[in-house]
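Colleague: Position chain D relative to chain V; hints supplied.
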Amino acid sequence: MRRRMVVVEGSYAVAHAVKVCKPHVISAYPITPQTHIVEDLSQFVADGDMNCEYMNVESEFSAISALIGASAAGARTYSSTTSQGLALMHEALFNASGMRLPIVMTVVNRALSAPINIWNDQQDSISQRDTGWIQLYAEDVQESADMLPQVYKLAEDEEILLPAMACMDGFILSHVYEPVILLEQSLTDEFLPPYSPEFTLDTKNPVSFGALADPSTYTEFRYKQEKAMGVALEKIEEIAKEFKDVYGRYYGGLIDEYALDDAEIVIMAMGSVIGTVKDTIDELRSEGEPVGLLKVRSFRPFPVDAIRSALKNAKIVITIDKNISIGKNEGALCTEVKACLYNTDLRIPVIGVMLGFGGRDIPMSTIKKVINKAKLVEKGIYVESEIADLREDMA
Amino acid sequence: MSLLKPGHRGCAGCCDALAGKFVLDALGENTIVVSPTGCLEVFTTPYPESAWGVPWIHSLFENAAAVASGVEVALKALGKKNDIKIVAIGGDGATLDIGLQAISGAFERGHNFTYICVDNEAYMNTGVQRSGGTPLYASTTTSPAGKVSFGNPQHKKNMPAIIAAHGSPYVATASVAYAPDMIRKVKKAADVKGPTYVHVHAPCCTGWRFEGSKTIEVGKLAVETAMWPLYEMENGVVTNVRKLKNRKPVEEYLKAQGRFKHLFTMQGGLEEIKKIQAIADWNVKHFGLE
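Residue numbers (this note's numbering), protein chains in the order written: chain V, 1 to 395; chain D, 1001 to 1290.
Since the hints were made in silico from the structure, they are not lab data. Any given hint might turn out to be false.
Subject to a maximum C-alpha distance of 20 Å in a straight line, what follows is the list of computed PhoX-like cross-link-like pairs (lysine-lysine) [said to hold, decoys possible]:
| no. | chain 1 | residue 1 | chain 2 | residue 2 |
| --- | --- | --- | --- | --- |
| 1 | D | K1080 | D | K1193 |
| 2 | V | K204 | D | K1080 |
| 3 | D | K1076 | V | K204 |
| 4 | V | K204 | D | K1005 |
Chain V on its own, in the form it takes in the complex:
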């Protein structure tokens, strides 16, 4: 099938993808760099192109809270936020997951204050790691849009029923104009079934949502959330392949590989930096360097087995994190990768580099420097995790 590519802003591509997923209720609060998505959605509604209720609420906290009510009432729901807005939602994120409400949200990744900074890194969504939300990270605009029907299908699966974040890097993806294929309504209708939950706030069949669980039952509720994440782990790949069958595009399921088979040095990363890493690999490969990429698409659930198996021939692993756990001097991907290798026979040095905070550019030259430094491991020199690419005049 021949499809027309159009050049649109990333936010528009995402808003259009939301539209074809036909949510019943959208609730959002403006925050840079998420605004263009919700502006586009508001316009669709204002133009009568989208049959849904759009709620202009007074805070991100109420945005997510309204969706908790709407989702419990049986609606397909959508929001988008970033940074401080996501942090403000924090308490309600746990609640949405605990009540097993499959709310879908685009997180346009941005740094957290202080100092205030509106540009991209991934501290915001990474800081929500343990809230019980599925988290997928997109590499480019097309994937950011294509991820939406996939996460709806995943979140609403009756064996999963967990909320999901589709994460895209702020500005780098949200504000860039790229050629994309806008998602077709007919294909989306074929791919994504309507949402019909078993339990809702139904006056004909009254149920209670959000009861008090004491020590005799609370653990089992948590266990069931974890089990649902386990099901998601199996279905992410399945759904990505179904998406490929319907739309003809594939970005990996839990992970994706690039020049990985014979790679001795493996770079692991999430989000838009993947493109730069791929270009760097192309250059280094032409010079004979055995460098490859392991893209992590799903951060929650974390693909432990897939990563172990993909890294079995690696000699050195470099993780790129756009976030830091202050006091550990590591980003989350680094910590998680190290942890998932520990209970195996794989003894691969994992070198964590933290880059791209607050929107600092990550050029190919930086990635090459990182690789060269990591090679010191071959000479038996231990390389500590670090924030790389620091200014000398401020460090």
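Modeller: Chain D in isolation, oriented as in the chain V frame:
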């Protein structure tokens, strides 16, 4: 049988249980209830049991109005019948303090729902700490009376006025001690289109320190002394008040409760009671209670 089923864990003489029962008596089974965190939420839903005979959702402490607005909008989007009544029932902490922003947003957006504040004038669920609803000189666990304190130094926040300022078409005060009046007002609030509000005075035997058999008695004293005026406002204008024939002095209300006991024993306490009497006098004048 009431739609708020027996077997819940409310205290004997619990004002919240009365309020919950009266609300469901007023609205019937075609109702969806949203509860913020609080006594009523906790004692009605110890998993796997639930006292609610209607659909019920508890999310968090501060978001009941936002959750209720989401329920309302979802029913509209799903094309469900618009005769389903959506009601949020929150305590004074959830309403006057931590949930105020979400309430303001929901009332401004104009959702078709009713918010009912069951005001027992402190955080009872966590052990009687003061809230924005705690009246002047009530002794609570975080505003205790002591050698240099007569108890809570602040006046009670005027929440019905705040809601009326949002342009709500119907705002009423009620009391669990006047069941038919409260049921009528809740029914009316749910029938009026738009965001409506009923502020229910609810004496808490545990927190206010009186016998559980005296909940109604103490509630009546609040009204009879003009400490709790009963009125209705339509589109910002007071349209109905419950008149007082033989108004009682506030001492009768205060001395019935342990939380004001110190005013009768501390040096200078009786002088301070004059300030409480002045609140009652203001209510009489402002609402034309006599």
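Colleague: Now, for every hint given, state plainly whether the structure supports it.
Modeller: Evaluation of the provided hints:
Restraint check for K1080 (chain D) and K1193 (chain D): the C-alpha separation of about 17 Å stays at or below 20 Å, so the hint holds. Note on K204 (chain V) and K1080 (chain D): the hinted pairing holds, with a Cα-Cα distance of about 12 Å set against a maximum of 20 Å. Our distance criterion of 20 Å between C-alpha atoms is met by K1076 (chain D) and K204 (chain V), whose separation comes to about 17 Å. For a cut-off of 20 Å, the pair hint linking K204 (chain V) to K1005 (chain D) stands: about 17 Å separates their Cα positions.
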